[in-house]
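**Student:** Chain residues, written in single-letter form:
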Amino acid sequence: MASAQQGADPLLESMVAEVDRTMSVLAAEATPPYWLAVGVVDEHSWQVSATHGAASRPSTDHRRYGDIDLRVGSWALDNTHKIRDGGWFDSPERYSIRLPLEDDPTLLRHAIWLAMDDTYRAAVRRLIKVRTNNAVKVAREDSSADFSEAPPIVDIQSLQPLEFDPDPWLALVRDTSGRFLDYKHVHDSNVTLQVEDQIQYLVTTDGTRLRHQRYRIRLAVWASTTADDGQVLEVYDYVDTARIDTIPDEAAVRAMVDGVARRVTELRAAPVVDPFIGPAILRGRAAAVFFHEILGHRAEGHRQKDEDEGQTLTDMVGQEIFPAFISVHDDPTLEQWGDIDLNGYYPYDDEGVKSERVTIIEDGILNGFLMSRAPIEGTDHSNGHGRRQPGAAVVARQGNLIVSAEGGVPYPELREQLIERVRVEDKPFGLIFDDISGGFTLTGRGTPNSYAVQPVTVWRVWPDGRPDELVRGVDLIGTPLITFGRIVNASDTTDVFNGMCGAESGWVPVSGIAPDLLISEVEVQRREKNNDRPPLLPPPMPTPLRLEKGGTP
Amino acid sequence: MTALWLLPFAGIWMTSSAGPATMDLPAPQGSMLVAADMELERALTMQLPDQPKPYYVAYEFLDGDVATATARSGVLDSFNHAPYRSVRVEVRVGGYELDNTRYDGDFGERAGVSMRTLPDDAFPAVALRREIWLATDEAYKGAAEQFSGKAAAREGRPPPEDPIPSFQKIDPVTTVALNAEPVDGDATLARARSLSASLKGIKGLENAEAIARDWTGTRLLVTSEGTRAWLPTGFSVVRVEGIVRTEDGTRLRDCRWWVARTPAELPPLDTMVAEVESMARALEAASQAPAERDYLGPVIFEGAASVELFRQLLPAEISGTPPPERAPDPYSEVDTAPVPTARVGRRLLPEGWTVVDDPANAEGTAGFYLRDFEGIEAQPVRLVEDGVLKDVLMSRVPRAGTDGSTGHGRGLGMDAREAMPGAVSVRPARVMAPKQLRKRALTLARQADLPYVLVVRRIEPPALAEDFEIAFTGDGPLAGLTRPLEIVRLYRDGHEEAIQPTLGFVGVDRRVLRDIAGASAADDWVGVLDAPNGPQRFSIGAVGGLPAAWSVPSVVITELELRSLGGSQPRTLPAPDE
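Sequences listed follow chains A and B, in order.
Throughout, my numbering is defined as the position within the first sequence, counted from one, plus 1.
Throughout, my numbering is defined as the position within the second sequence, counted from one, plus 1063.
Treat each hint with caution, since some may be false.
As the list claims (entries may be wrong) - Short derived list, chain A residues pointing at chain B, Cβ under 8 Å:
1. D21
2. L27
3. G54
4. A56
5. S60
6. R99
7. R110
8. L182
9. K185
10. L538
Stated by the list, open to error - Computed Cβ-Cβ distance ranges for the label pairs, DEER-style:
11. A:D493 with B:E1104: 58 to 64 Å
12. A:G88 with B:Q1510: 48 to 54 Å
13. B:A1327 with A:E30: 50 to 56 Å
14. B:A1348 with A:S144: 24 to 30 Å
15. B:G1607 with A:E14: 36 to 42 Å
16. A:N532 with B:Y1394: 22 to 28 Å
17. A:V233 with B:S1602: 27 to 33 Å
18. B:D1247 with A:G260: 41 to 47 Å
19. B:D1311 with A:V233: 57 to 63 Å
20. A:D275 with B:Y1394: 36 to 42 Å
21. B:G1607 with A:P272: 55 to 61 Å
22. B:S1602 with A:M24: 38 to 44 Å
Calculated directly from the structure, the hints in this document are not laboratory data.
Cβ coordinates follow ideal geometry from the N, Cα and C atoms, glycine included.
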């Protein structure tokens, strides 16, 4: 870790200078901007990876990319307003900024200016269309303003540039990746370490000046095979952290490799489950993704005013939509859960609002929504959830979604409750969803409002005491409102899912924290699968003739 | 529909690569060859039920070092320096007479080619074998599907009158192993910085950007025929772009580029800087110059513009690889048989002109090579004699009336290895002095009742084209000519006047070459980056493609049409330094 970098920051100063100049010059225009923000991400990254005992050279990258958000019109109606029935191509034009990697103020300002001018002209053009669209269309169901004010924040944090030396990690990924060769059914695999040092800047006409830094580190182990029925089976294990000293050591990575390899091998032999309805347990990580999909996305503020959205929850504030023992918060202010670094932590959102803990569900009752600075009826201000991937427009997104359950029971007891339900309902078996690879949800009106969670590890639990059986080939599916009421109990411990979430404003890091959940009834459907035969030839395996370094063929 | 994903995989924040330090290349040749031999032997035993075994398997390894730097106005924009290793696996099923290749199936149908990136470590060999094994399996399955698709497409169609084999059988090629020098990434970076800095100080300058890429390495070809060919590969390229916006909002763009086999073969930096400074002057002059609305009349193509004229219009006519068969369209009665190209006996140029491609004798140019990507020795080919196409460039894909490959089979990535130009010299029947050429053009202008003739000095390379009008003129796969970057009016009294390069050519195809009314002596070799004929020629990116070289004369064409492209807007916000 290098010493703190302090003093003048030409990038920040250039951003401020261009924001101030733009507002001053364009004030004389017929349609001046009423709000303007420039955001920049300065990112150094490193990658070290290996497959089957052979490593690739460490790679490194440095990028600076930025966004301009410029609004013309008024807080009530501006150029970002949705053009109704506008079709697929009505979204506002956006111009990303390519910034030089060196701190030359002239060139930094020049780069910002070019994107600024393009953005301004596009904003003026779009406002003309917005006004006409509003005149042509019927009154909006939600008449809230397009944008809300926010107090200025000045927080220029000191920087600790990460001086990461990837070379020592080469040996670790090389040696651990070679262990996959001991598993004959693992066809493809790798061990990868990725490290990012990300500095975010934001300057707005509110007077906000932000500079904050975060390291994002992932050590990942991946393996795949093809089952005899053609299904490609992949298992991915990883640790996300924000600290170099918590990257798993060699022993831990070895254990991850062995675990992934064994699981891939077991899955290859596991039976495929037919479509099924019955009781199930979602273990903590799966439950976290489940809540992210069925509730989290539907609690994002912008969906409550977009008339193309299903608006499942819009008019349900104050109503009990979950069992009373369930509460859900989104708390991006949390850096850690126990000793686990959370992906969804951020001090300020991408609109310059301090992140806040938001209660979405309190004792089963819908309390409120995740808000960016786009108001909705009943909520006229942001709660610090306006997020985006650089290049996209900000919308409300999740950070750390935390599900808590009053009166949870130890997991073995929850498992017994599952078996009891299987017996009572005379089901042949129940399911335990142990780990997941991801999920998605459909929230629009044009499609059935539904979700899918894609498990990696699913266990069939028999009521007659037989050992649990690993199965494969199913996705967990359903519709949100019905599912909310089917949560019947939870465990007294939680687990953390760290991942990346993709939606309208691009990919953002998120976390989900949840206890194990007992669901009275879930539905699973067959998973989409590939159909190629497994490789025709057996995989090459190490031989006694293996050449060593320095040998010649 | 709104689809949302929560995925734990790292893909979204995986970044491609780079290390600023100069790196030593690994010495992986032994490991690659051992791995290839072991997997080749196994690959030939693969057989899907009731399907043919592979009759040909080729492993093409690329092992190199690449540095790419981008700078604007002397300041670093991006820099990557990393080794690159990959294997391209090609599997053919059927036989030399009829196999799966040269067939374009429906969207999504696979072919017999697969590629994988390889780790940089040379050991253990089993790690390389795993990658080859997976790629070979995928390629074989693709080849089997492609073969069935081709057979199905032929079903019900009359058999070809003169069936042509799918692939030329050759004797194994053996060449000795090579070691490539690693790239000096610092030099790549310095080049980009210096050249982009040379464009400073022009009024209205919006972009002064230089991209430099140095790529050096070895291509190892291992085939089931017994070929073990080590082929040098790589190139150095520099592109410099300047963009100026005039007071009325017109956006003017100009470029300079150099392509060579190695950094050492690039012009000296001082020469390139001087050239960029001349571009700056040209841009400044153009920004003060009048705009031309429309023009119909004679046009002189000088120097680099003439290279672009020939290299854009001739390749389809001289590259002999036949177009692939296509599946019949079930909803159309129109025959989907490919349109023949490169027809021997067709007039391409005025009487007396010759065109020769001879990569092996072009040492020192970007087009120099001794063997193509199929390991075949590059042969000189007299393509055009007396203005008429007499012969064509060939890869190992045969066509009627040819004697096999001429050593011109190259291609990018997973694309087929097709014939493409290497080092092409275009020679006129009669050489005019520059003054005579201009006089001839002015005579033609007078006949067209024009007070001046347009002189085009530079045309944008297809890969840099921002707007390209494709003219479908009847019998070519693609025709057209990218827009000019530098144009002047040449008046009868001999004085020149710059005009804004806001014009585009209309309706140009290879037939305009027959209307060449005069030519100077051929200029020096000019390096270009290109690809086999097809849309990929326009999508190789600023520093992608395969090196080639052209030596052509400046020419005057009797009549061409250019129209204003328009569409510019003034800036609302002045530049910070204004």
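**Student:** Against each hint, give a clear statement of whether it holds in the structure.
**Tutor:** How the hints compare with the structure:
1. Proximity of D21 (chain A) to chain B is violated relative to the hint, the smallest CB-CB distance being about 11 Å (cut-off 8 Å).
2. Hint on L27 (chain A) holds. Least Cβ distance to chain B is approximately 6 Å, under the 8 Å limit.
3. Residue-level restraint check for G54 (chain A) holds (minimum Cβ-Cβ distance to chain B is 5 Å; threshold 8 Å).
4. For A56 (chain A), the interface hint holds, the least distance from its beta-carbon to any beta-carbon of chain B being 5 Å, beneath 8 Å.
5. This hint holds: S60 (chain A) has a C-beta 3 Å from the nearest C-beta of chain B, less than the 8 Å allowed.
6. The restraint placing R99 (chain A) at the interface with chain B holds, with a minimum CB-CB distance near 7 Å, inside the 8 Å limit.
7. A cut of 8 Å between beta carbons decides the hint on R110 (chain A): the least distance to chain B is about 4 Å, and the hint holds.
8. Contact between L182 (chain A) and chain B, as hinted, is supported at the beta carbon level, the nearest pair being about 6 Å apart and thus within 8 Å.
9. With a least beta-carbon distance of about 12 Å to chain B, the hint placing K185 (chain A) at the interface is violated under the 8 Å criterion.
10. At about 5 Å, the closest approach between the beta carbon of L538 (chain A) and any beta carbon in chain B falls short of 8 Å, and the interface hint on this residue holds.
11. Checking the proposed 58 to 64 Å range against D493 (chain A) and E1104 (chain B) shows it holds: the Cβ atoms sit about 59 Å from each other.
12. The given range of 48 to 54 Å is respected by G88 (chain A) and Q1510 (chain B), whose C-beta atoms sit roughly 52 Å from each other.
13. Range check, A1327 (chain B) to E30 (chain A): about 54 Å between beta-carbon atoms, so the 50 to 56 Å window is met.
14. The hint said 24 to 30 Å for the Cβ distance between A1348 (chain B) and S144 (chain A), and at roughly 57 Å that hint is violated.
15. A C-beta distance of roughly 37 Å is found between G1607 (chain B) and E14 (chain A), which places it inside the suggested range of 36 to 42 Å.
16. Judged by the Cβ atoms, the range 22 to 28 Å given for N532 (chain A) and Y1394 (chain B) holds: they are separated by roughly 27 Å.
17. Taking the beta carbon of each, V233 (chain A) and S1602 (chain B) are about 30 Å apart, inside 27 to 33 Å as hinted.
18. Evaluation of the 41 to 47 Å hint for D1247 (chain B) and G260 (chain A) yields a pass: the beta carbon distance comes to about 44 Å.
19. At about 58 Å, the beta-carbon gap between D1311 (chain B) and V233 (chain A) stays in the expected band of 57 to 63 Å.
20. Our hint of 36 to 42 Å for D275 (chain A) and Y1394 (chain B) holds, since their Cβ atoms are close to 39 Å apart.
21. Under the hint 55 to 61 Å, the C-beta atoms of G1607 (chain B) and P272 (chain A), about 48 Å apart, miss the expected range.
22. Taken as a hint, the range 38 to 44 Å holds for the pair S1602 (chain B) and M24 (chain A), whose Cβ atoms sit roughly 40 Å apart.
Hint compliance for this structure: hints 1, 9, 14, 21 are broken, all remaining hints hold.
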